[in-house]
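Enquirer: Those sequence lines, one after another, are chains A and B. The numbering of the first sequence is this note's numbering, which starts it at 1 and goes up by one. The numbering of the second sequence is this note's numbering, which starts it at 331 and goes up by one.
It is worth saying that the hints were derived from the structure and are not from the lab. One thing to keep in mind: the hints can contain errors.
Unchecked claim - Using 27 Å as the maximum straight-line C-alpha spacing, the simulated DSSO-like pairs for lysine-lysine come out as follows:
| no. | chain 1 | residue 1 | chain 2 | residue 2 |
| --- | --- | --- | --- | --- |
| 1 | A | 146 | B | 496 |
| 2 | B | 645 | B | 484 |
| 3 | B | 417 | B | 496 |
| 4 | A | 146 | B | 551 |
| 5 | B | 496 | B | 459 |
| 6 | B | 594 | B | 459 |
Said to hold, decoys possible - Facing chain B, according to a computed beta carbon distance under 10 Å, are these residues of chain A, among others:
| no. | residue |
| --- | --- |
| 7 | 152 |
| 8 | 169 |
| 9 | 173 |
| 10 | 303 |
Cβ atoms here follow ideal geometry from the backbone N, Cα and C, with glycine treated the same way.
What follows is each chain in one-letter form.
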Amino acid sequence: MASEPRLDSARSGLPSGWVQALGPVFGLAGTYLLFALIAPASFRSLDNLETIARQTAIVGAAALGMTMIMVAGAIDLSVGSVVALGSVVIAWLLQFAGASPLVAGLGGILAGTVVGLVSGLLVTRLRVVSFIVTLGMMLAVRGLAKSIAHEQKIDAPLTWLNDLLATLPAERQWMLLPAGVWLVIALALLVAGLLRYTRLGRHIFAVGSNEQTARLCGVPVSRVKVLTFLLGGSFFGLGGLLQFSRLTVGDPTAAVGLELDVIAAVVIGGGSLSGGEGSVFGSLVGALIMSVIRSGCTQMGLPNWVQEVVTGAVIVAAVALDRWRHRRVG
Amino acid sequence: MRTALSLVLIAAAVFALSSCAKPPEPTPDASAKADQAAQPAPAATQGKLTVAVIPKGTTHEFWKSIHAGANKAEEFGVEIVWKGPLKEDNRDEQIKIVEDMTSKGVSGIVLAPLDDTALRLPVQEATRKGIPVVIIDSGLQSEDYVSFVATDNKNGGKIAGEHLAKLLGGKGKVIMLRYQEGSASTMEREAGFLEAMAANPGIEVVSSNQYGGATTETAYKASENVLAPYKKGGRLMVDGIFCPNESTTFGMLRALQDAKLAGKVKFVGFDSSEKLVAALQAGEIHGLVLQDPMNMGYLGVKTMVEHLQGKTVEKRISTGENLATPENMNEPRIQELLKPDFARWLKE
Numbered sequence: 001m002a003s004e005p006r007l008d009s010a011r012s013g014l015p016s017g018w019v020q021a022l023g024p025v026f027g028l029a030g031t032y033l034l035f036a037l038i039a040p041a042s043f044r045s046l047d048n049l050e051t052i053a054r055q056t057a058i059v060g061a062a063a064l065g066m067t068m069i070m071v072a073g074a075i076d077l078s079v080g081s082v083v084a085l086g087s088v089v090i091a092w093l094l095q096f097a098g099a100s101p102l103v104a105g106l107g108g109i110l111a112g113t114v115v116g117l118v119s120g121l122l123v124t125r126l127r128v129v130s131f132i133v134t135l136g137m138m139l140a141v142r143g144l145a146k147s148i149a150h151e152q153k154i155d156a157p158l159t160w161l162n163d164l165l166a167t168l169p170a171e172r173q174w175m176l177l178p179a180g181v182w183l184v185i186a187l188a189l190l191v192a193g194l195l196r197y198t199r200l201g202r203h204i205f206a207v208g209s210n211e212q213t214a215r216l217c218g219v220p221v222s223r224v225k226v227l228t229f230l231l232g233g234s235f236f237g238l239g240g241l242l243q244f245s246r247l248t249v250g251d252p253t254a255a256v257g258l259e260l261d262v263i264a265a266v267v268i269g270g271g272s273l274s275g276g277e278g279s280v281f282g283s284l285v286g287a288l289i290m291s292v293i294r295s296g297c298t299q300m301g302l303p304n305w306v307q308e309v310v311t312g313a314v315i316v317a318a319v320a321l322d323r324w325r326h327r328r329v330g
Numbered sequence: 331m332r333t334a335l336s337l338v339l340i341a342a343a344v345f346a347l348s349s350c351a352k353p354p355e356p357t358p359d360a361s362a363k364a365d366q367a368a369q370p371a372p373a374a375t376q377g378k379l380t381v382a383v384i385p386k387g388t389t390h391e392f393w394k395s396i397h398a399g400a401n402k403a404e405e406f407g408v409e410i411v412w413k414g415p416l417k418e419d420n421r422d423e424q425i426k427i428v429e430d431m432t433s434k435g436v437s438g439i440v441l442a443p444l445d446d447t448a449l450r451l452p453v454q455e456a457t458r459k460g461i462p463v464v465i466i467d468s469g470l471q472s473e474d475y476v477s478f479v480a481t482d483n484k485n486g487g488k489i490a491g492e493h494l495a496k497l498l499g500g501k502g503k504v505i506m507l508r509y510q511e512g513s514a515s516t517m518e519r520e521a522g523f524l525e526a527m528a529a530n531p532g533i534e535v536v537s538s539n540q541y542g543g544a545t546t547e548t549a550y551k552a553s554e555n556v557l558a559p560y561k562k563g564g565r566l567m568v569d570g571i572f573c574p575n576e577s578t579t580f581g582m583l584r585a586l587q588d589a590k591l592a593g594k595v596k597f598v599g600f601d602s603s604e605k606l607v608a609a610l611q612a613g614e615i616h617g618l619v620l621q622d623p624m625n626m627g628y629l630g631v632k633t634m635v636e637h638l639q640g641k642t643v644e645k646r647i648s649t650g651e652n653l654a655t656p657e658n659m660n661e662p663r664i665q666e667l668l669k670p671d672f673a674r675w676l677k678e
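The whole structure should be built from the sequences, with the hints applied where relevant.
Expert: Structure follows, in structure tokens:
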């Protein structure tokens with residue numbers, strides 16, 4: 001489906017983009033089948049599949065942005081804080097500014113975009129690595145969200161925004177999945193297309209593979225980086241919208257530690273911390289693997305620590321295998 | 331071909347790792363349960379009721395007591411599934427657990443909601459799918475639950491107030507340090523206390539608008555500030571103090587101890603901890619209002635079972651508030667509340 005170009009694909013002579021995405025799919029299928037065998041029958045129900053899809057949407061939306069940023073060789077640690085900021089901004093607009101749900105939702109996405117723009121400008125203008133800049137942004141944005149909400153949560157009226165990730169009522173079963181999940185899937189196709197077919201997409205890969213070479217080849221490195229952070233931020237803002245949709249309140253303490261889930265999804269899906277690699281499809285599959293482990297462990301009644309140990313082991317194993325494969329192919 | 335080989339290896343690794351999920355079970359009893367669940371049609375879903383109990387967190391002693399009480403209620407022939415949020419105090423995590431339990435198809439859910447509004451939708455969803463929900467500990471702004479089983483906080487505050495009034499002989503100056511804005515349970519305690527004070531014309535509440543805040547540290551600072559204007563020459567120009575929860579009570583105790591005033595002023599607090607019990611013994615605290623979390627877990631499950639059996643249950647059930655004083659603290663009934671024996675029920 002979504003296979004991104006890789007610089008070494010010509011060398012190995014294989015359509016490695018496809019194969020790269022297939023690895024995580026195999027892992028997902030294996031994990032699912034395993035739990036389907038050992039977990040109670042309810043794990044295999046269609047209802048539960050829908051639940052897993054709904055629970056993956058927030059990490060999935062954020063992972064779209066993170067994939068772009070990590071392909072460009074950067075990282076953004078402020079995801080969780082931006083998601084919280086987005087949810088607070090939306091609740092504030094609904095509750096105190098009398099905004100319509102559509103305007104409030106767009107406001108949340110805009111807030112994420114602005115944060116992304118600021119991060120991108122700081123990274124390129126100050127020439128400080130993105131890890132440090134976004135570590136600072138993580139704290140600053142979290143503080144900003146708390147200040148807007150006066151260190152409390154903001155209650156907001158129920159609107160159609162809250163149906164985005166709710167279980168479908170009987171009369172809308174034909175949709176199969178809630179609108180929010182479809183939105184993430186549609187945007188995933190869009191981002192995959194952007195990375196594969198547009199000039200910006202190729203520039204992002206070029207910058208992440210080798211910044212110096214890209215610069216010498218005439219790629220506007222700074223502009224590409226700022227744009228990547230800006231687009232990434234808008235997807236984090238969308239994550240905030242989905243978070244608000246589920247919580248029905250604007251919660252400045254929401255999504256603490258989300259950045260680790262999102263980064264884990266991207267690396268399980270074949271992304272690399274050193275840039276130049278990653279696939280939107282793989283990242284979504286990575287996010288799904290973690291949700292499946294969660295759901296399976298919960299349905300089996302296993303204690304929390306088992307789930308944490310298993311997820312941690314899967315992350316390390318997936319990346320280690322990926323590295324190993326690289327050495328063999330490269 | 332090499333890539334194909336590595337794909338197989340990934341799958342094998344995930345298989346191997348995921349199957350590790352089963353062996354590291356802590357007790358033989360729990361792994362027996364996991365084996366049971368591994369069978370296609372577990373016996374539990376066929377006659378025996380399964381009740382999911384979902385706390386706000388799992389590490390605090392308060393929740394351990396709730397867990398113990400819920401386990402004790404297994405005597406009604408139910409199986410308890412205990413699952414708290416992976417990340418403590420995380421609304422989204424708790425929502426996920428309610429959803430998971432709903433799709434798992436448990437007989438009923440006993441829930442201590444982290445948030446009185448954010449948990450409305452998943453509870454509504456569970457109810458719509460025919461899974462009843464009993465709310466414990468903290469309220470939910472919804473009508474979709476069977477019963478609300480919790481401490482009557484207003485009554486707890488009133489008990490504290492009446493005790494303090496008795497200690498003061500119905501006259502004197504009193505300070506109340508509040509906990510935090512927006513915390514429903516403690517605000518009810520504060521209201522109950524002030525109501526009891528108003529019933530005594532001889533008592534004057536000289537300060538009741540200061541907040542201790544979230545932690546013991548902030549409560550300690552707030553206590554010092556509240557006490558400062560009433561300190562004159564090593565004496566305190568106040569006769570009684572009330573604090574509405576554990577952190578404010580402990581913060582105030584520390585402030586009184588540092589100023590060498592502990593024991594010289596009548597002091598009533600709320601909830602217990604090792605340090606507060608020691609101070610009660612030493613006569614530095616003259617009363618602690620105690621909740622009964624073990625009873626809360628027990629009654630939560632019991633109410634659910636009764637509802638599932640078709641009996642009518644009360645919409646609001648109080649789990650009881652008790653007063654521990656230096657005089658009665660060694661009675662078995664109070665000892666049980668001060669030091670709940672939850673280990674016995676948690677099979678630890």
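Enquirer: Each hint needs a verdict: does it hold in this structure or not?
Expert: Here's how the hints hold up against the structure:
Under the criterion of a C-alpha separation no larger than 27 Å, the hint pairing residue 146 (chain A) with residue 496 (chain B) is inconsistent with the structure, at around 43 Å. For the hint pairing residue 645 (chain B) with residue 484 (chain B), the CA-to-CA distance comes to about 17 Å; that is within 27 Å, so the pair holds. The straight-line distance between the Cα atoms of residue 417 (chain B) and residue 496 (chain B) is roughly 44 Å, outside the 27 Å bound, and the hint therefore fails. The hinted pair formed by residue 146 (chain A) and residue 551 (chain B) meets the criterion: a straight-line CA distance of about 22 Å does not exceed 27 Å.
Pair hint residue 496 (chain B) plus residue 459 (chain B) does not hold up; C-alpha atoms about 52 Å apart against a cutoff of 27 Å. Simply put, residue 594 (chain B) and residue 459 (chain B) have alpha-carbon atoms about 58 Å apart, too far for the 27 Å limit, and the pair is violated. Here the hint on residue 152 (chain A) is kept, as its CB sits about 5 Å from the closest CB of chain B, short of 10 Å. Checking residue 169 (chain A) against chain B: minimum C-beta separation of about 9 Å stays under 10 Å; hint holds.
Interface restraint check: residue 173 (chain A) against chain B, minimum CB-CB distance 14 Å, threshold 10 Å, status violated. With its C-beta approaching chain B no nearer than about 8 Å, residue 303 (chain A) sits inside the 10 Å limit, and its interface hint holds.
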